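S.K.: Just so you know, the sequences run in chain order X and R. In case it helps, numbering that gives the first Met the number 0 puts the first sequence at residues 0 to 85. In case it helps, numbering that gives the first Met the number 0 puts the second sequence at residues 0 to 85.
Certain hints may be false.
One copy or any two copies: either way a pair holds, since identical chains are not told apart in the list.
Below, a list of computed lysine-lysine pairs in the DSS-like style, where the Cα atoms sit at most 25 Å apart [to be verified]:
id: 1; residue 1: K7; residue 2: K42
id: 2; residue 1: K2; residue 2: K53
id: 3; residue 1: K53; residue 2: K40
id: 4; residue 1: K40; residue 2: K2
id: 5; residue 1: K7; residue 2: K59
id: 6; residue 1: K42; residue 2: K29
id: 7; residue 1: K61; residue 2: K42
id: 8; residue 1: K7; residue 2: K61
id: 9; residue 1: K3; residue 2: K13
id: 10; residue 1: K42; residue 2: K13
Don't read these hints as lab results, they were simulated from the structure. Predicted, not measured: the structure shown is a model, and the values here were computed from it.
There are 2 protein chains.
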Amino acid sequence: MMKKFRVKVEIRLKDGILDAEGRTIERAIKRFGIEAENTRKGKIIEFTTVGDNKEEVVEKIKRLANELLINPLTEQYILEVKGEEA
Amino acid sequence: MMKKFRVKVEIRLKDGILDAEGRTIERAIKRFGIEAENTRKGKIIEFTTVGDNKEEVVEKIKRLANELLINPLTEQYILEVKGEEA
């Protein structure tokens, strides 16, 4: 029987990649009067999907992340998959 | 003595607000062959700051979030503050 899972993909630029948007945000935080360094801007994509079990869902979402959601040259991701109550 | 803290702000649209970007992503996930519903796109802003203690940092970042980082009419946020090793 198919179960529902809530998927969360956190997408960040790789460590060596210049984060231009992060720098702009950092300047704004400093202008606000708060100390900030190493500021990074990332993305969250969340959705509900179905699958037989968590392992199968993780495998297909890894493929989705690498082929559709991220740019593997510049970005990396962290994946969280949780079963939803029926 | 001032300590360093790593701040993570997760920003999402409020539940009732239409997430146009989320819908576009959802269509792409489905075209990829994976079931998706209730797809939401959010943002992560992370930076290192300084403060006397965690409580003081949380208070000032709450102010920063509401006045600078989010649009309180349409967005909500989750805040995570962790002490960094010296």
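S.K.: Now tell me, hint by hint, if it's right for this structure.
M.R.: Okay, the hints, checked on the actual structure:
For the identical chains of this complex, K7 and K42 are neighbours both inside a copy (10 Å) and across copies (12 Å), given an alpha-carbon limit of 25 Å. Within a single copy, K2 and K53 get their C-alpha atoms as close as 9 Å, which meets the 25 Å cut-off; across copies the closest is 40 Å, which misses it. Taking the shortest Cα distances, K53 and K40 sit within 25 Å of each other only across copies (22 Å), while inside one copy they are farther apart (29 Å). In the homo-oligomer, the alpha carbons of K40 and K2 lie at most 25 Å apart only across protomers (23 Å), although the nearest pairing inside one protomer, at 33 Å, exceeds that limit.
Proximity of K7 and K59 under a CA criterion of 25 Å is satisfied intra-copy only: 13 Å inside one chain copy versus 28 Å between copies. For a Cα distance limit of 25 Å, the shortest separation of K42 from K29 qualifies both inside one copy, at 22 Å, and across copies, at 20 Å. For a Cα distance limit of 25 Å, the shortest separation of K61 from K42 qualifies both inside one copy, at 16 Å, and across copies, at 20 Å. With identical chains, the CA atoms of K7 and K61 are at most 25 Å apart both within one copy (11 Å) and between copies (24 Å).
Taking the closest pair of Cα atoms, K3 and K13 come within 25 Å of each other only across two copies (22 Å); inside a single copy the shortest separation is 31 Å, beyond that limit. Both within a single protomer and between protomers do K42 and K13 lie at most 25 Å apart by alpha-carbon distance, with minima of 13 Å and 16 Å respectively.
Of the hints listed earlier, there is not a single one the structure fails to meet.
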